[in-house]
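When you get a sec, could you build the whole thing from the sequences and use the hints?
Single-letter residue listing:
Protein chains: 2
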Amino acid sequence: MTDNQDIEDSKVYISYNHVHQLIQEAAPRLKNFNPDLIICVAGGGLIPARQVRTFLKEPGSPNVRIMAVVLSLYEDIGSVSTQAEKLGKQVVRTQWLDYINTDFTLLGKNILIVDEVDDTRTTLNYAVTELKKDVEEQAKAKGIDVKDAGTNFGIFVLHNKLKPKKADLPPEVYNEKNYIAARDIEDVWIAYPWESNDIVYHTKRAVEQGNDVFLP
Amino acid sequence: MTDNQDIEDSKVYISYNHVHQLIQEAAPRLKNFNPDLIICVAGGGLIPARQVRTFLKEPGSPNVRIMAVVLSLYEDIGSVSTQAEKLGKQVVRTQWLDYINTDFTLLGKNILIVDEVDDTRTTLNYAVTELKKDVEEQAKAKGIDVKDAGTNFGIFVLHNKLKPKKADLPPEVYNEKNYIAARDIEDVWIAYPWESNDIVYHTKRAVEQGNDVFLP
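The listed protein sequences correspond, in order, to chains A and B.
Just add 1016 to the spot in the first sequence (first one is 1) and you have the numbering used here.
Just add 1016 to the spot in the second sequence (first one is 1) and you have the numbering used here.
Keep in mind that the hints were calculated from the coordinates and are not lab data.
Owing to the predicted nature of the structure, the values given are computational and were not obtained by experimental measurement.
Any given hint might turn out to be false.
Any copy will do: because identical chains look the same in the list, a pair fits if it lies in one copy or spans two.
In silico DSBU-like links for lysine-lysine, alpha-carbon gap of 30 Å or less [stated by the list, open to error]: (1) K1027 <-> K1073; (2) K1220 <-> K1125; (3) K1177 <-> K1193; (4) K1105 <-> K1073; (5) K1220 <-> K1047; (6) K1073 <-> K1177; (7) K1158 <-> K1193; (8) K1182 <-> K1073; (9) K1105 <-> K1027; (10) K1220 <-> K1027; (11) K1181 <-> K1149; (12) K1177 <-> K1105; (13) K1027 <-> K1149; (14) K1158 <-> K1105.
Given below as structure tokens:
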């Protein structure tokens, strides 16, 4: 057995329909948080965010709005190795919310941040921290105390990896109501379907591993 | 047979894996346009945009960047009926690109706009028109003629509905190279998987209709 085969065997394959049902299963917890706005963290959050919207839809009510922020983890390979090790990976902000072109505020909203996986928690920490700064600014501009702004942040991920995290989430977010992971999972290589160049093979492996549909 | 049953029977069900393979099949045309940037039109473009990125990925090269604009078609039901008929549906801009927070330009880029369906063409017309305005502004700010800006727009949709369109696309976009529809389709109700509350039933119908995997 080659090393490549070892890596391949260790991957956890997840089918599209499995992802869809993970969100269906989490729907009661998502509705309990009751989002007014979904902020998807792109790339990973693009697909789950759209699926989350489907399971939040109530007949007769409009769709919950989705907005996107684009973040990537950037390893500072230009610096000397000790510094790179110290800094680890930095979050790079490629796109942020558009407060200029639209008449839009975060104040008074339940905001659900959606990503595919909580790995090191670095990206989620960045998103929450920066969005909280925006809330503070917007509250200040309106002359109100941020505590009276009525903004709440929640998080939804498909998988939370059970591993030491490199960053924290504040207690008002990291609690049973506001932090929603469809599944806790060991620190394994999760192969999501949208990353696949061969969806037939991918789905076959997911079915073999029991990671296809599980709800009736 | 009830009317509801008639509607149900007329729907074209598309599985997730079918969508994935539509993009795989279109990959040579997508690579021929050679995007530097993917702009997904949310909500419908969120899922296809992420899949497009996978099939554009070249080993050793970074991912093509995805940004999002959020547009919705808003029927002006507040106005008198004659006016509403005249105006039809208006595009509402919920989120636009973020030129403020990031050091980002459209100049010199091949920009692929991704949505799930070209229905009336209203949304795509809006996206192209507004993005072209941004290019003009950015070129002007740099003191260069927009013709020398080197920006090209392309479009990718999963399905182009063969029906009279309510808006046009400019010839530099609506041509064989720049306008890429994975499939032309009659004016039917397309049921995309991410809209489904029951993905098991949805996939079963897609398989029955031949709208599941088709590539080996």
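Each hint tested on the structure:
1. K1027 <-> K1073: Classified as between; 20 Å across copies, 33 Å inside a copy.
2. K1220 <-> K1125: Neither, since 41 Å and 38 Å both go past 30 Å.
3. K1177 <-> K1193: within (19 Å within a copy, 43 Å between copies)
4. K1105 <-> K1073: Answer is between; shortest inter-copy Cα gap is 22 Å, intra-copy 36 Å.
5. K1220 <-> K1047: between (32 Å within a copy, 28 Å between copies)
6. K1073 <-> K1177: Both, since 28 Å and 26 Å are each at most 30 Å.
7. K1158 <-> K1193: Classified as within: same-chain Cα gap 28 Å, cross-chain 49 Å, threshold 30 Å.
8. K1182 <-> K1073: For K1182 and K1073, the Cα distance is within 30 Å only across copies (29 Å; inside one copy 35 Å).
9. K1105 <-> K1027: within (23 Å within a copy, 47 Å between copies)
10. K1220 <-> K1027: both (13 Å within a copy, 27 Å between copies)
11. K1181 <-> K1149: Only inside one copy: K1181 and K1149 sit 22 Å apart there, 44 Å across copies, limit 30 Å.
12. K1177 <-> K1105: Within one copy only: 17 Å inside a chain, 44 Å across chains, cut-off 30 Å.
13. K1027 <-> K1149: neither (38 Å within a copy, 46 Å between copies)
14. K1158 <-> K1105: neither (35 Å within a copy, 34 Å between copies)
Checked against the numbered hints above, the structure violates hints 2, 13, 14; every other hint is satisfied.
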